[in-house]
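K.L.:
As you go down the protein sequences, you meet chains A and B in turn.
For the first sequence, position 13 matches number 13 in UniProt numbering, and the numbering has no gaps at all.
For the second sequence, position 7 matches number 7 in UniProt numbering, and the numbering has no gaps at all.
Because the hints were derived from the structure by calculation, they are not lab data.
All values derive from a computational prediction rather than experimental measurement.
A virtual CB, placed ideally from N, CA and C, is assigned to each residue, including glycine.
Cut-off 20 angstroms, straight-line C-alpha distance, at most; resulting in silico cross-link-like pairs (SDA-like, lysine to any residue):
| no. | chain 1 | residue 1 | chain 2 | residue 2 |
| --- | --- | --- | --- | --- |
| 1 | A | 127 | B | 22 |
| 2 | B | 75 | A | 132 |
| 3 | A | 324 | A | 282 |
Going by beta-carbon spacing under 8 angstroms, a handful of chain A positions derived as facing chain B:
| no. | residue |
| --- | --- |
| 4 | 130 |
| 5 | 134 |
| 6 | 138 |
| 7 | 139 |
| 8 | 142 |
| 9 | 143 |
| 10 | 146 |
| 11 | 153 |
This is what each chain is made of:
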Amino acid sequence: CKSTDTVNSETAVGPGSVQSESSVRRLVRMEIVHVYTRVRSEFGRYCLLSDCGPELTLDLLPDPGLSAQFILRTPRDQATQARCDMSEHQVNTERFETESSGVNHTEGGWPKDVDPNEMEQTIRFRKKVEKDEGFMNSIPQLGNIMVHCIQQNNALDIYQEYCTEEDDGDSAEPPSAKTINVFRDPNEVKRTVTCLSWHPDGGKKLAGAYSSLHFQTSHTSLCQDSYIWDIENPNRPELTLKPVSPLVCIEYNPKDPHTLVGGTYSGQIAYWDTRRGSQPVELSSVEHSHRDPVYKIIWLQSKTGTDAFSASTDGQVLWWDVRKLSEPTERLVLDPGREGNLERALGAICLEYEPTMPTKFMVGTEQGVVLSCNRKAKTPAEKLVCTYEGHHGPVHALHRNPFFPKNFLTAGDWAARIWSEDIRDSAIMWTRYQMSYLTDACWSPVRPSVFFTAKMDGVLDVWDILFKQNDPTLSVKVCDEPLYCLRVQDSGRLVACGSQGGSATLLEFCSGLSTLQKNDKTLLAAMFEREAKREKILESRQREQRMKERSRSEQSDAGRDSSDGLDAYNVQQLMTRAEDDFYSVVEAELRRRDEQPQVTEHIKGLE
Amino acid sequence: MIQSQKGVQGVVIANSEGIPIKSTLDNSSTVQYAGLIHQLLLKARSTVRDIDPQNDLTFLRVRSKKNEIMIAPDKDYFLIVIQNPSD
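Please take these sequences and the hints and turn them into a complete structure.
P.N.:
Structure below.
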């Protein structure tokens with residue numbers, strides 16, 4: 001349609017015009033109007049449509065002055081992709097319960113007329129089949145194939161493994177751990193797994209002591225059972241042990257895998273024989289047992305194989321013969337004043353006993369002190385040989401290195417420390433203070449430089465001191481609850497750890513952490529020696545300084561200047577001598593040990 | 001025959017229903033072998049044919065720690081040989 005522009009387009013709209021609304025609205029400010037009119041008399045007339053070229057109605061040029069009112073926005077990268085939204089979910093299948101049951105096989109397949117029990121009939125049947133033509137033809141053929149394979153087997157072992165002796169040695173694989181099974185407490189109210197013990201014969205079974213260590217929780221609703229699990233079957237415990245009060249610690253007899261001894265929350269000791277059922281075979285009497293929960297019990301090396309000793313926070317260490325649990329055979333009060341005074345005794349949390357040194361044992365106490373004791377001492381006063389102080393809190397774990405019995409590991413408060421028996425003042429090596437409390441630690445039975453620690457944040461750390469001393473070699477987050485105890489199986493590959501929620505997790509470590517490397521023992525021996533020497537030098541230096549201080553205070557009246565000068569000179573001399581000794585030893589080691597940069601870093605840290 | 005070959009511990013011939021026809025082992029072992037291997041054979045054969053219907057099982061070797069069990073199947077019968085690998 002042709003449009004007609006009226007002359008007075010700005011003024012009021014005439015009777016026969018239709019104004020274009022949109023153009024008015026759009027350009028209100030500029031008052032540009034595009035009017036579209038049609039005379040009334042022409043309404044209803046036939047439309048004559050014709051093409052007309054484009055007509056520029058309005059050309060609005062950009063006004064650069066307006067750009068001053070605008071700020072340039074920072075460009076943003078926005079990635080878009082036209083595809084459907086996807087989400088990721090993790091699914092865990094429901095627990096699959098398996099059960100073993102036996103199947104009865106009976107002979108079958110015989111045709112109806114033949115009775116399998118009747119020898120005659122079966123023989124007759126067999127003879128009939130033998131005469132059958134198909135039989136005659138096919139059997140020789142099968143025979144030929146078979147002979148071919150047999151001869152092949154005889155000629156060459158097709159499954160032979162080549163290069164089995166290839167040793168990874170320093171494999172580039174990072175250390176790893178895998179959870180194999182989780183054994184959960186079957187009761188409603190979950191109790192903490194306070195102690196685990198592996199079956200001595202091959203480690204196919206795991207005994208767990210379950211109890212609640214919270215102070216004065218109601219014990220009526222708490223189930224008192226502890227369980228023995230078969231590691232293949234996490235669904236149901238193999239055997240339930242029913243003590244009179246929840247077990248705090250449990251231990252298999254290394255000589256007789258059927259017997260176990262456990263210490264209860266009430267302080268009594270109970271003895272089980274797995275062949276005889278769930279009830280304890282013997283139970284110690286309440287009057288003669290401990291007065292606090294028994295935190296650790298260990299079997300002793302003896303001729304009869306029935307001796308054990310236990311420790312508790314009531315300050316006593318008691319020796320028992322499990323055949324007669326009515327009374328302990330021996331008693332020791334852990335009084336640091338050596339008077340047998342129970343009031344001042346230190347509460348014991350853990351024990352350490354090495355079967356190769358049957359007269360010595362060590363006790364870790366609540367007060368952070370480790371006591372080394374000699375069982376065969378004449379007087380009770382001499383039983384406590386020496387003390388090792390160093391922890392700020394209870395010593396939860398105490399373990400001698402199976403390859404270097406003179407060195408032992410303690411775990412307590414936030415760090416683990418390695419001690420040498422000869423050096424009493426401080427540990428020879430220690431880990432950094434960790435972010436959470438350490439609850440248990442033990443050495444690996446196969447690799448002398450590897451030890452495991454369990455922490456309250458549910459993390460199990462594996463430390464390899466030959467590889468890295470500042471941090472754990474591997475940290476595995478086992479669960480969200482605190483881990484309370486840790487036990488390595490004798491093969492060194494499997495570790496069981498128990499948590500507060502009642503679940504015992506079984507972890508398997510990679511072969512790098514559980515196979516003995518060639519130089520492990522020598523390198524570790526050298527490391528321990530070096531650290532021990534360092535501590536000894538520091539100790540002697542401190543002692544000399546103290547002596548100098550003492551002698552200086554004695555001589556302070558007479559000739560102060562001269563004596564000061566003399567003493568200062570002596571002290572200086574001693575210090576330089578000690579430093580020279582130290583540096584010479586360190587340099588000798590550095591020269592000798594070029595290939596371990598981590599070790600030199602550690603030495604630099606000492607400087 | 002096969003029995004004379006080196007390392008062969010026993011030979012059992014059974015029919016397609018698992019009934020032992022001839023054997024060099026004692027009765028209980030024979031029955032056990034025939035019955036169990038028959039089932040294994042059916043499963044193996046069906047596996048091979050499921051994967052490729054044109055295919056069929058010609059031989060089955062079961063190698064264990066102590067010995068090797070070799071099974072040659074046929075339409076109506078199957079032959080079992082237990083051999084101790086010579087190494």
